[in-house]
Amino acid sequence: MRPRNHDRLVLCLSHSCLPEYMAETPEEKATTRNDPTNELYRIRHSCAHVLATAILRLWPEAQFAAGPPVENGFYYDLELDHRITPEDFPRIEEEMKKEIKANHLFERMVVSRDEAIRLAEEGRLASLAARSVPSKFKLDIIHGIPADEEISLYRNGDFTDLCAGPHVVRTGNIGAFKLTALASAYYKGNERNPQLQRVYGTAFKTRRDLDAYFAMLEEAKKRDHRKLGHELELFTFDPDDVGPGLPLWLPRGTAVIEELEKLAKETEFAAGYQRVRTPHVAKESMCLRSGHLPYYKESMFPPMQLTETQDDPDGAEHRYYLKAMNCPHHHKLYAAVPRSYRDLPLRLAEYGTCYRYEQSGELFGLMRVRSMQMNDAHIYCTPEQFEQEFTAVNEMYVKYFKIFGIEKYLMRFSTHDPNRLGEKFVGEPELWLQTEDMVRRVLQRSGIDYIEVPNEAAFYGPKIDVQVWSAIGREFTIATNQVDFAVPQRFGLVYKDRENVEKTPLCIHRAPLGTHERFIGFLIEHYAGNFPLWLNPEQVRILPITTEDAVVDYAKSIHQELRRHGVRTELDLSADKVNGKILRAEQMKVHTMFVVGRRDLEADSISVRVHGKGNLGARPREAAVTDVLTSIRERLP
RNA sequence: GCCGGUGUAGCUCAGUGGUAGAGCACUCGAUUCGUAAUCGAGCGGUCACGAGUUCGAAUCUCGUCACCGGCUCCA
1061 MRPRNHDRLV LCLSHSCLPE YMAETPEEKA TTRNDPTNEL YRIRHSCAHV LATAILRLWP
1121 EAQFAAGPPV ENGFYYDLEL DHRITPEDFP RIEEEMKKEI KANHLFERMV VSRDEAIRLA
1181 EEGRLASLAA RSVPSKFKLD IIHGIPADEE ISLYRNGDFT DLCAGPHVVR TGNIGAFKLT
1241 ALASAYYKGN ERNPQLQRVY GTAFKTRRDL DAYFAMLEEA KKRDHRKLGH ELELFTFDPD
1301 DVGPGLPLWL PRGTAVIEEL EKLAKETEFA AGYQRVRTPH VAKESMCLRS GHLPYYKESM
1361 FPPMQLTETQ DDPDGAEHRY YLKAMNCPHH HKLYAAVPRS YRDLPLRLAE YGTCYRYEQS
1421 GELFGLMRVR SMQMNDAHIY CTPEQFEQEF TAVNEMYVKY FKIFGIEKYL MRFSTHDPNR
1481 LGEKFVGEPE LWLQTEDMVR RVLQRSGIDY IEVPNEAAFY GPKIDVQVWS AIGREFTIAT
1541 NQVDFAVPQR FGLVYKDREN VEKTPLCIHR APLGTHERFI GFLIEHYAGN FPLWLNPEQV
1601 RILPITTEDA VVDYAKSIHQ ELRRHGVRTE LDLSADKVNG KILRAEQMKV HTMFVVGRRD
1661 LEADSISVRV HGKGNLGARP REAAVTDVLT SIRERLP
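Just so you know, we're using my numbering here: the first sequence kicks off at 1061 and counts up by one.
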């Protein structure tokens, strides 16, 4: 099975800064998946064959499709009337152990195409013996192998499979393995093909590595943004009454949102952006003009149908859609005022709320939702201004990533396929080449890691997706940055150039902070819920040790002072003992705890405790407060 | 949308055909305490929803919805 595009990308990265419990760096994972000379790759690939061997011992009629090594293990897809369930795992693993213990050689055999076809027709591939029905998927795969490519088979014991290899020398070289999951998958990943059962497993050189992997998974579970989001009271869902995929932001999550917006507003203001506001809905006519209805209808909420009139029998004049993107509205703002080349570049920014009707199975915590707020802006510029504007956008990304301590990112540059002009991509061959050249030049000049992926562009222009990795190694497409030379034209957007000639501007769509939903989902996992002070939902909690009036008044005066400075501060006046108060504050991952008792009152001091760092001891009150204010102002990590 | 799994109190979970349980959270009372849980009492569930089987259903069957793991798709 060929690796998907984004599986291949990771190879070119230089890596840094991964937690030590992570079994493999993303690069190693990529190697494990893609590099046949990698030992884990061979172990896992071999283990997939052993899995197939075991399944055939139990169900000789099973038909196998593809069984490659993947990021954290391997899988094999198969067709079988019996539904494999987790209860079957022990039996299958038992058979696998026998095969490993037998220590069969993996023998490689090169065969002619005719020979391979003959064996497949006899049901002799991915099987233990000849069968009455052909090995249909293998037969299909053989037909897909280019004529000049060698066809090889691998045999371990009774089991023979069509396979490019390579494998370990003997089945006994598979150190430790475990079956992990069941899923279904379409044959060749195509929705129109039959669904197969997929059995997932993983394998390592040693038992120790296997155990370490499962320990890592446990650690990853603790950082899962869905779990932390609930525990830290950041957001919630109410699928029954509000609807699936529609997050509700609790006060603590809203605090994070507002910090991000503040950052965006400051940054964009400094970069010459202007803020705008637009409604959440638009009429059908605009959705048609923008191309959303023809191209995006599947991911849009169905329309709101208002009244029908005699002039408008099908009601189109009264059909409204929730917006899936902000660009059409922004285009209208561009068009609202006559524009001269002197007005360009015009940069319109809005944290706009969009709605996309994602398929139910695609929803995933905050990462895939149906309502989202985008760090959106559209930059209208002349072709001469394009490179500078595009460079500035890239620099903004890098600035943000530095603030968040995102040390590893990759820009994925998606270009068009000339063979699909007028079909998947607008038919403007010259503009495609021109804009792609401009983007490529900017990327090369900026020295940012990027990879070029053909045939993945948006229909209106080339685009860049930004991939980042959370602390647990989960890969995120966090932001997108797109060139649009087509839609401004559809909206009739123009400016007068120096010679008083009307020209169509280029448009850059950019969202360095992506959507609040996905970005915060990423940040939760990135920080494991331990937000830095400036971003923390609760920056300071004040914990008086006793409830005697003088101490409480002292705590209150600190509380008020911090609040006056805009610091998100809470005062814990519960009946708990200090230890209880500390526990609760630590559990909520409150950044800083100010513990105050009689001693502090008398010394005008504050005992400072920082989440994850423990008790830092007493500080003069003024110094403790200043430290907090500085850290917030500087957005220190 | 498709395949599979799961659904019991706000949370984590026990309960497999016979009167719905525990811990934490929450409320009230007592406790006045120096760096990760003070004590006691109380409140809290139409067992996801709907139908069916049964004398009797959280428990068995079917359907619906949602969530989880994948597939497809994507900010």
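Hints in this document: simulated from the structure, not taken from any laboratory.
The reader is advised that the hints may include incorrect statements.
To be verified - Each computed DSSO-like pair below joins lysine-lysine, with the alpha-carbon atoms no more than 30 angstroms apart: (1) Lys1563 / Lys1616; (2) Lys1462 / Lys1523; (3) Lys1459 / Lys1484; (4) Lys1343 / Lys1556; (5) Lys1649 / Lys1673; (6) Lys1287 / Lys1637; (7) Lys1459 / Lys1248; (8) Lys1343 / Lys1357; (9) Lys1556 / Lys1248; (10) Lys1325 / Lys1637; (11) Lys1322 / Lys1637; (12) Lys1287 / Lys1523; (13) Lys1161 / Lys1325; (14) Lys1265 / Lys1161; (15) Lys1637 / Lys1282; (16) Lys1563 / Lys1343; (17) Lys1238 / Lys1287; (18) Lys1649 / Lys1462; (19) Lys1462 / Lys1673; (20) Lys1563 / Lys1282; (21) Lys1265 / Lys1468; (22) Lys1248 / Lys1392; (23) Lys1238 / Lys1281; (24) Lys1637 / Lys1673; (25) Lys1556 / Lys1616; (26) Lys1325 / Lys1462; (27) Lys1248 / Lys1196; (28) Lys1556 / Lys1287; (29) Lys1196 / Lys1238.
As the list claims (entries may be wrong) - What follows is a list of derived Cβ distance ranges for each label pair: (30) Leu1118 / Asp1636: 43 to 49 angstroms; (31) Ile1463 / Lys1157: 46 to 52 angstroms; (32) Thr1690 / Tyr1355: 21 to 27 angstroms; (33) Asp1300 / Lys1556: 52 to 58 angstroms; (34) Glu1682 / Ser1634: 46 to 52 angstroms; (35) Val1397 / Pro1339: 15 to 21 angstroms; (36) Glu1293 / Ile1463: 22 to 28 angstroms.
The model shown is predicted, which means the values in this text are computed figures rather than measured ones.
Yeah, the Cβ is synthetic: ideal placement off N, Cα and C, and Gly gets one too.
Evaluation of the provided hints:
For the hint linking Lys1563 to Lys1616, the alpha-carbon distance of about 62 angstroms lies beyond 30 angstroms, and the restraint is violated. For the given pair, Lys1462 sits about 23 angstroms from Lys1523 by alpha-carbon distance, which is consistent with the 30 angstroms threshold. A threshold of 30 angstroms between alpha carbons decides the hint, and for Lys1459 with Lys1484 the separation of about 34 angstroms lies outside it, so the pair is violated. With a CA separation close to 29 angstroms, the supplied pair Lys1343 and Lys1556 stays within the 30 angstroms bound.
This hinted pair checks out: Lys1649 and Lys1673 have alpha carbons roughly 11 angstroms apart, not beyond 30 angstroms. Distance check on the hinted pair: Lys1287 and Lys1637 sit about 28 angstroms apart at the alpha-carbon level, within 30 angstroms; holds. Note on Lys1459 and Lys1248: the hinted pairing is violated, with a Cα-Cα distance of about 40 angstroms set against a maximum of 30 angstroms. Restraint check: the Cα-Cα separation between Lys1343 and Lys1357 comes to about 14 angstroms, which is no more than 30 angstroms; the hinted pair holds.
Using a Cα cut-off of 30 angstroms, the hinted pair Lys1556 and Lys1248 is violated, with the two alpha carbons roughly 51 angstroms apart. Between Lys1325 and Lys1637 the alpha-carbon distance is near 42 angstroms, which puts this suggested pair outside the 30 angstroms criterion. Straight-line distance between C-alpha atoms of Lys1322 and Lys1637 comes to about 37 angstroms, which puts the hinted pair past the 30 angstroms bound. With a C-alpha separation of about 33 angstroms, the suggested pair Lys1287 and Lys1523 falls outside the 30 angstroms cut-off, and the hint is violated.
A hinted pair counts as satisfied when its Cα atoms are at most 30 angstroms apart, and Lys1161 with Lys1325 does not qualify at roughly 63 angstroms. Of the supplied pair hints, the one linking Lys1265 and Lys1161 holds, its CA atoms being roughly 15 angstroms apart against a limit of 30 angstroms. For the proposed pair Lys1637 and Lys1282, the alpha carbon gap of about 28 angstroms is at most 30 angstroms, so the pair holds. Restraint check for Lys1563 and Lys1343: the C-alpha separation of about 27 angstroms stays at or below 30 angstroms, so the hint holds.
As the CA atoms of Lys1238 and Lys1287 are separated by approximately 26 angstroms, the hinted pair is consistent with the 30 angstroms bound. Distance hint between Lys1649 and Lys1462 is fulfilled; the C-alpha atoms sit about 23 angstroms from each other, no more than 30 angstroms. A distance of roughly 23 angstroms separates the Cα atoms of Lys1462 and Lys1673; the hinted pair therefore holds under the 30 angstroms criterion. At most 30 angstroms may separate the alpha-carbon atoms for a hinted pair to count; Lys1563 and Lys1282 exceed this at roughly 54 angstroms.
Between Lys1265 and Lys1468, the direct Cα distance comes to roughly 28 angstroms. Compliance with the 30 angstroms bound is thereby established for this hinted pair. For a cut-off of 30 angstroms, the pair hint linking Lys1248 to Lys1392 is broken: about 43 angstroms separates their Cα positions. Our distance criterion of 30 angstroms between C-alpha atoms is met by Lys1238 and Lys1281, whose separation comes to about 19 angstroms. At most 30 angstroms may separate the alpha-carbon atoms for a hinted pair to count; Lys1637 and Lys1673 meet this at roughly 21 angstroms.
Using a Cα cut-off of 30 angstroms, the hinted pair Lys1556 and Lys1616 is violated, with the two alpha carbons roughly 61 angstroms apart. For the hint linking Lys1325 to Lys1462, the alpha-carbon distance of about 17 angstroms falls within 30 angstroms, and the restraint holds. For the hint linking Lys1248 to Lys1196, the alpha-carbon distance of about 13 angstroms falls within 30 angstroms, and the restraint holds. At roughly 54 angstroms between alpha-carbon atoms, Lys1556 and Lys1287 are farther apart than 30 angstroms, so this suggested pair is violated.
Pair hint Lys1196 plus Lys1238 holds up; C-alpha atoms about 28 angstroms apart against a cutoff of 30 angstroms. Against the hinted window of 43 to 49 angstroms, the Cβ-Cβ separation of Leu1118 and Asp1636 comes to about 58 angstroms, which falls outside the hint. Our hint of 46 to 52 angstroms for Ile1463 and Lys1157 holds, since their Cβ atoms are close to 51 angstroms apart. Between Thr1690 and Tyr1355, the C-beta spacing of about 49 angstroms breaks the proposed range 21 to 27 angstroms.
As the Cβ distance of Asp1300 to Lys1556 is approximately 55 angstroms, the hint placing it in 52 to 58 angstroms holds. Separation of Glu1682 from Ser1634 is about 27 angstroms and departs from the stated range, judged on CB atoms against 46 to 52 angstroms. Judged by the Cβ atoms, the range 15 to 21 angstroms given for Val1397 and Pro1339 holds: they are separated by roughly 19 angstroms. Checked against the hint of 22 to 28 angstroms, the C-beta distance between Glu1293 and Ile1463 comes to roughly 24 angstroms, which is consistent with it.
Of the numbered hints stated above, those contradicted by the structure are hints 1, 3, 7, 9, 10, 11, 12, 13, 20, 22, 25, 28, 30, 32 and 34, listed in ascending order.
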